[in-house]
Amino acid sequence: MSDPDVRGAWTEPEVAAFLDEATIPIRLATQRPDGSLWLVALWFRYRDGTLECATGADAALVRFLRHEPAVAFEVSTNDVPYRGVRGTGTADLAPDTDKTVLRALLERYLGGTDSELAAWLLDDDRDEVRIRIEPHEFYSWDYSERMGTGSSEDTA
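Those letters in the sequence shown? Residues 0 to 155, per numbering that gives the first Met the number 0, in order.
Mixed in with the good hints there might be a few duds.
[Claimed, not checked] Simulated DEER-style distance windows between Cβ atoms:
| no. | residue 1 | residue 2 | range |
| --- | --- | --- | --- |
| 1 | Ala-71 | Arg-46 | 14 to 24 Å |
| 2 | Asp-113 | Glu-11 | 28 to 38 Å |
| 3 | Glu-133 | Glu-13 | 31 to 41 Å |
Since the hints were derived computationally from the structure, they do not count as laboratory data. For clarity, every value in this text was computed on a predicted model and none was experimentally measured. Even for Gly, the Cβ is constructed at its ideal location relative to N, Cα and C.
Assemble the whole structure, with the sequences as input and the hints as a guide.
The structure is reproduced here in C-alpha cells:
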C-alpha cells in the first residue's frame, strides 16, 4: 500500500483524525458496466489507512465494483461550517463471513447491535461483503474560519 497524495486544508494526520471521528456516511461513486456513474451512501470506518464499508452480497454496488474497482468518495458535513475529505481509490471486495466489519459499523453508527435494523443486517441468511478502499488521493477542505464554528452536525 502506497501513501496517498494529500492536498487541501489538512495534513494527513488531520485527515485521519476527521475520518476516525466522523459518523456521517461516505458517498461512494463508481462506474456501472455501461459506463454510467453510480453513487451510494454507506457507513464506513477508517482503519489502517483504508476506508472500510459493508453491504449485502447481492447489492448492485458489489457487481459494479467487481467490474470496475476504481472509486471516488466524499465524507463531508452537511451543516455549517462545511468541511470534509474527498478523493479517489481502489476498492477490494471480500466476504464479511463473520460480519466483523458490519458489527463494527453497527457499533460506530448505532452504538450497538440491539435494534431491529441490526438484527435484520446480522441475520444468518444474509451474506455480507466487506469493501476496503485503498485511497490514492485525499483532498480536504474546512470553511470553519470563514463560516464560524457553530454547527448542529455531530461528527464525533
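Status of each hint after checking the structure:
In this structure the hint that Ala-71 and Arg-46 lie 14 to 24 Å apart at CB holds, the actual value being about 20 Å. For the pair Asp-113 and Glu-11, the beta carbons lie near 36 Å from each other, so the given range of 28 to 38 Å is met. The supplied range of 31 to 41 Å is broken by Glu-133 and Glu-13, whose beta-carbon atoms lie about 20 Å from each other.
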